[in-house]
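Student: Each chain is listed here by its residues.
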Amino acid sequence: MTQFFRAAIFLLPLISAFLSDTQAATSDLIRRSLVRIQTVSQEADYSTPWNPGSVEESIGTGFVVADDRILTNAHVVSNARVIWITREGDANRYRARIQHIAHDCDLAVLVPSNPDFFKGMLPLDFNGIPALESNVMVYGYPIGGDRASVTRGIVSRVEFQEYSHSGADSHLVIQIDAAINPGNSGGPVVQDGKVIGVAFQGYSGDVAQNTGYMIPTTVIKRFLTDIADGRYDHYVDLAITTFPLYNSAARRALGLPDDGQGVMVSDIYGGGSADGILKPRDVILTIDGHAVASDGTVELDDSNVQMAEVVERKFKGDKVDLGLIRDGRPLKLTIPLTEPFPFNIFANAYDVKPRYVLFGGLVFQPLSEDFVNATTLKNSRTRYYYDHFLENDLYKERPEIVILSNILSDPVNAYADEFYQSIVDTINGAKIKTLDDVADALAKPSEYYVIEFLGASRPLVLEAKAVAAARDRIRSRYGVAKESNLKP
Amino acid sequence: MIALLRSHLFAILAVLAPCLLVAAETRAAVANSPAPLPSADSIVRVNSTNQSFNFGRPWTKKPPFNRRGIGVVIDGGRVLVTAEMIANHTYVELELPVSSGKVAADVESVDYESNLAILKPQDPKFLDGTKPVQLGKDVQVGTRVSVLQLENTGAVALTPAVVTTVSVGNYPADGIALLTYRLSAPLQYRDNSFTMPVFLGDRLAGLLMRYETRSQSADIVPDVVIANFLARIAKPPYRGISRAGITFSPTRDPQFRRYLGMKKGQAGVYVVSVAHAAAAEKAGLKKADVVMSVGGHEIDEDGNYENSDYGKIPFSHLISTANLPGGELPMTVLRNGHTIDLKLPLEPRDLSKVISEPMVLDRAPRYYILGGLVFQELSRSFLREWGSDWKNDAPARLTYLDEFQDELPPDRGKIVFLSQVLPADTTVGYDDVAEIIVEKINGRTIRCLEDVAEAAKHPIDGFQKVELESDPGVLYLDAKEVSETADQLRDSYGLPALDNLGDPETKAVP
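Chains as they are written, first to last, in the numbering used here: chain G, 1 to 488; chain S, 489 to 998.
Hints listed in this document are in silico derivations from the structure and should not be mistaken for laboratory results.
Errors might be hidden in some of the hints.
To be verified - Which stretches of chain S does chain G cover? Using the computed rule of at least three CB atoms under 8 Å from a CB of chain G, they are: (1) 675-684; (2) 742-749; (3) 885-891; (4) 936-946.
Unchecked claim - Examples of chain G residues lying across from chain S (beta carbon under 7 Å, computed): (5) Ala253; (6) Leu256; (7) Ser266; (8) Asn379; (9) Ser380; (10) Phe389; (11) Asp393.
Don't be surprised by glycine CBs; every beta carbon is placed ideally from N, CA and C.
Isolated chain S (complex conformation) (with noise of 0.2 Å):
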């Protein structure tokens, strides 16, 4: 199992002499000449304090925790963290490696999909006297590394490591795959670990952001990604990470490959979906083209290309990663025996074309509630409250419909359902009913939470009239009692307010 790096994740506590030498060997090293080592000077520790929603009752926070990590100092007085270390934090601090006091940060901006992070201390003079780093280059499969720890003293701990493998893989938010390296590290617990640099001679190769404590092997954000948000954030605005928005399908097996008529040795991939109002719809890509080149790069029967520096590897990197948004990429596809010369535009996924987001974070989460109804939009964040294994535990129909949200009408709107019912005197014998798609309210159609509210002012024959997908169909409340009750409704459940609906998509920060 791959654990989070988090505090108590070594079970012993040692310390081993920094095996400095073993860092030294990198390729970048000039022989007889002694290579740069990572300082003490260019990091520091990072104490977050984070607080995530509760989405089964959105009005609430769950207790608080936190998460101890170290940053990388970079130019512009800023310190880099892996954006899983700072996700709904509500107080960041930082400290010198030998503490000369703790002061407070700001996170200046984050990537969920990259996760990464940038802060700034509030303090401009706090990082006076460090020295930022540089991203590293030329990382390959057998570059020996370091990773970078440090003891209570403040004194840099070094653990060597060998980059094992190179490729495209998942990063801690749902759906994103990106470039990782994985690393081989016989790592030692320490304070400060949910977040470690690790270093290329006294470059910056990458971040930590998983370590597997059996088989010793851990993966970083590397330092391509980095570069890759750096710039993204370089200029404002603020743009996520490219995407097509397509699932492709292999096309390696022979009978499907003469069915297509595809000849012999012809490489490329079956694309199965293409995401509304994703870049690949407006490129023209359509369900069953077979991609065969993107950005003049070959793409091989299983969606990988040749990276001069990686070998085979997802063509996705070259979208995601190896070109900043804005551009396009020219792209060859095969549809029925003809080949087609598109431009694939560069762009970041329209999250407010999403039906259910992946992810929400940073902000609370969206609700109405009327009578004792409570009304939520459908995101996965919602389905994760029912734990681990929540893809079977939770609701089957609303994980469905997340799932496979691509296949609703692209002017489907959000989902809005009836998540639970607060036992109160106009929702008498609607106790049981939970977790059912609402469609109508007072006969109007609902593709948001706005809608819910809007519908609310206009009872019908002085009844709140609320159609529902499912059983038992419709409920009813005394639209009167419902506004005559509601301050004793917030009261008696001590809801901060009766309704949040607050920015409804996800914004960067800033």
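Okay, chain G solo, but in the shape it has when bound (with noise of 0.2 Å):
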């Protein structure tokens, strides 16, 4: 299992590498512009959402870019509410802010609220992806001490995976060797003077040795490429999913000849960018120009990557240009990048308040992955629609399943028990899409409040008069500061 370094205790490894003096001088430089990172963050709480949520305090690394910028991992800084930050040699703690924040490739980037922070830093550059067992080095505050620490290794191999930050997202990475630990987190993976990678995952010591992750710079450019005219788009992609095409019969049933080309699409995501463009069993062929290799893989910079990664070179509004073969017949289409898929309820979320809704002791929130972290899943049909959310197309129904996720036991709910974590399909006869349904629905006068929840069940009933007799009882009794947060 991937961890965060800032989390996880790891054994503590020696710095034994020898460094010639030219090292050494480099190594110099990279470390006057080293920054350590000291946020205080609050985690939201998603099993009682209308508590501010537990404050730790964590330490990690970033380092000085052009333009006056501290660059690092969005999760050394997530749910930040101080940051401070101090540089070598310099006893002063700083404050920083968040200038902009990506957390589907945990990137962030940080300007310290006094400018004096820079003097004496220079600004670190970037280089292109490193050959395999070429050397670099990892700088960086990791535990074991409180001064800079350095630690050398290889690139072990490139390839694509997920982004343990958000859980969500897969982007390149680089695995080196180097010992990476709690701390190294945002710090800089140099060789040649240059910035390679920023560290941010790897396995712990009882996983996998010698297991270390860094983001390639590719992602990094494009991130500082995305926040130049001031905002963040995030990452759009196809919302497809492809199947590859290695058995002869599929591959003469398609239309296609035995020369290893060409995956099948499988799944178009309703609502993602490909969606009412392409088809299922469309195969491709080419994306941008590049062939598309049977497993899915595109040849790009001299290696194969997955085809994913041409699109995820791209920003919101570019387009993506696919050579197809459908129904037997080629066939050229351009699919415009214009959104994020928006259902995606998997990824972690940070620097956001958990949605609910408080009515007569009965709280109801969606389900995403932060809520489900923080609860178990007891109801069989509630975990089959979290699970299958995107592969049965529930999302189309539903963009957010609110279930009865809590019940804070009073009068006026004592049998609303056997509804617990079931799925509110109408209130009063409207149907209940999202949270906001719900907040529409309770908020306007009636009798009763007739509460539907999916499956053979009979309604709870809420009498008005009841509900307003116990709100403040319940508001007082357990505390709740606040009846609703609908803001994303």
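Mind assembling these two chains? They're in different frames, but the hints should get you there.
Tutor: Right, dumping it as structure tokens:
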């Protein structure tokens, strides 16, 4: 399991690499650009969503880049309430604030509140993808001491992989065997005096040894380009799944020669970029002119990468050109990358407050990765709706799966237990597609509030009078500061 | 945790002096005259070798295991045991308490719902000299009974027990709740403990089916369930336990009662769902009806009625146990404020209409292999292969369809799914596809494995085209290659056959 460096406790490695004179000089320069980041963060509490959440402190690394900015990982400064930054050889602590944060690629740009912070610091430059087996140095403030640390390793492999911070996005990563430990996150990985990546995730020692990952400069440069207009637009992908075409019968049935090229479109997410343009069983032969092999890879910069990498490097508003075989005939299509796929409930959320509505002691919340991690889904219908939300197109009927997530026991809801974790279908006849629908339906005056849950169950009936009488009692008894949060 | 009584259940091997006197203190006992005691003449040792099927690899059986228990001799030269004891049996043998050799036995009848089975020795003379027992009666909360075990010598060991609760509780079969007696009994470990008879005097009060060591409490299949079972098998054709086929919700919630317009003090339960083709549907019962009385008994807000022997117990007892299948029970229901009378036919669940079978026992799972694609029909037995936490661990889509099958269209047919792919030349690139529902094969809608077999005879343009409910959506096989490599596939995976389209329904024995 992939873990974040700021969370896990690792064994403490010793630095044993011998540095030559020139390396030492470079090292000194790099260290002078290093920033130690101390974050006080507050994690949202999805099980009691009106609570402000627990406060914790963590250490990470950042480094100075052009235009007086500090680059680090998003997870180093997520949910931050206060960010302190310090630098080598300066006893002062400075405040910093987030200028841009991209949770889908785990990168963030900070600016110090006092520009004097940068005195004597040099911005670091970037280079491209390093060669396999080449040496790299990792700088940062890992566990084991307070001062800057450096470790050395080689490039082990370059691959597409999930970024654990969001848990739902995959981009290119570079694996290195240098010791990377909690606190290294956000630190530069350097080769020949230039940054070739940002250390960000790895395995704990009991799973795999010497397996650390960095974000390559292709992803970093894309992030810096995206925010150049003052706004982060997120990645926009095709929102499709594809199936490799190794099977010769499948190839012939789809009208393809036995040349090892092409993948079959197997699912197209409604509301995604390719919705209404691609069809199931289309065969993708080329993407932006790059030939797509039957395992779904393309050759890019002299290496084989997933064809998604072509789309990865693009921005919102760009287009993707596809060469297809549809119903046995060649076809060329262009897909505009308009908006990020809107129904991704599987990504961890940061810097947002949990959405909920409290009514008569009943807590309504939409299903999300964070909510599911904070609770145990015992209701098998609800679990299915969550697990198969995308696969079975359940989001088309319900962009949000709103459930009765908790019951603050009170006479008004004494018989509501049987509905715990059930999915809200209608309230007073109004279809519930989002949490906002719940808030709207419950705001309309009515003698009875009749809540129908999905599946064969009686309606839950609350009398408006009883709810009104219980309101203050429930609020004070359970310490509910606020009865709803609808802001995304 | 409630554990099944297996032979290693008890940690301590101890032999207590049987407390015979306590067992004699029954309600039936007449003062100053010793009450009759159960004797070793009415019981036999039962050893059953069972072997369950592997639904993950439907062409194989799992390793065999033994269950040893005590059967009760009843009239007609028959032996009564729990059904669980002989589920998926391959060989059953009987042995007298003081052994005079073993004799093979056949399972004459089995009813997994009421967890009871009848064995018959192959040698009819085997039971000569034994004494059939009579069923007990008048067991109530507080009745003193005794649990019978056997010492290795063949001597009877009796443990006194008290009936602490009479209620309708879960039986081993999924979704079945029938009358149980809960006993408080300090049982010691002895051999042959999987099934143990419980006596009231010298009459049979029930068969023990669960024992919890920590609280020393046991659940038994009671005499009334046994009587119902014996009556049902007495006259062929065999009929299963009657069921209404509804789910209901209590009407205690005062806000809900006012919303329904129920009067103060008015009893009854709210009908939440009526299963397709179930007895309740035939009776005309509808969702949102309030069931007020069944068989002349008033139903309270929680779904209980007043039983003259046991006090308040769930009204399902009236349908399943208190009456035999075949007749009708009058019902009164409240619908839109009006009281209407309905007649509930007493009949078992029609398993041929069941989409996903709750329990497949005593017969091999059905499957059909095309190329290397393995097709199966969804059953809860398949999902149970994921272990005790199968509800969380089994594929969510299949678990969902099984649990909520009553919401599917009644003519849905079976749910056929691609359970796994055996890597072969025909299935290159399909190795990771598993547990996906099959919609069509060669353009034909699939509603059972016979449909798969028929569709496979009609490839289109030389391809077997399998359309799936979700990703990847479609798989193609070369039809010629599939038929040419069939023998090779069977040999290389050691498959006894490429299909098993045996009997699709659970049939009771006989």
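Student: Establish whether the coverage given for the stretch 675-684 of chain S by chain G is satisfied; the threshold is a Cβ-Cβ distance below 8 Å, and no fewer than three residues must meet it.
Tutor: Since three or more residues must qualify, the claim that chain G covers the stretch 675-684 of chain S is violated, with 0 doing so at under 8 Å.
Student: Does the closest beta carbon of chain S sit nearer than 7 Å to the beta carbon of Asn379 of chain G?
Tutor: violated (10 Å)
Student: Taking 8 Å as the C-beta cutoff, is the stated coverage of the stretch 742-749 of chain S by chain G satisfied by three or more residues?
Tutor: holds (count 4)
Student: Can the stretch 936-946 of chain S be counted as covered by chain G under the rule of three residues or more with Cβ-Cβ separation shorter than 8 Å?
Tutor: Violated - the stretch 936-946 of chain S has 0 residues with a Cβ nearer than 8 Å to chain G, which falls short of three.
Student: Restraint: Phe389 of chain G near chain S, CB-CB cut 7 Å. Satisfied or not?
Tutor: violated (11 Å)
Student: Regarding the hint that Leu256 of chain G lies at the interface with chain S, is the smallest CB-CB distance below 7 Å?
Tutor: violated (11 Å)
Student: Against chain G, does the stretch 885-891 of chain S show at least 3 residues with beta-carbon separation below 8 Å?
Tutor: holds (count 4)
Student: With chain S as the partner, please determine if Ala253 of chain G meets the hint condition of a C-beta pair closer than 7 Å.
Tutor: holds (4 Å)
Student: Classify the hint on Ser380 of chain G as holds or violated, based on whether any CB of chain S lies nearer than 7 Å to its CB.
Tutor: holds (5 Å)
Student: Taking the closest Cβ pair, is Asp393 of chain G under 7 Å from chain S?
Tutor: Since chain S brings no Cβ nearer than about 9 Å to Asp393 of chain G, farther than 7 Å, the hint is violated.
Student: Let me know if the C-beta of Ser266 of chain G comes in closer than 7 Å to any C-beta of chain S, holds or violated.
Tutor: Check passed: Cβ of Ser266 of chain G comes within 4 Å of chain S, closer than 7 Å.
Going down the numbered hints, you'll see the structure goes against 1, 4, 6, 8, 10 and 11, while the others check out.
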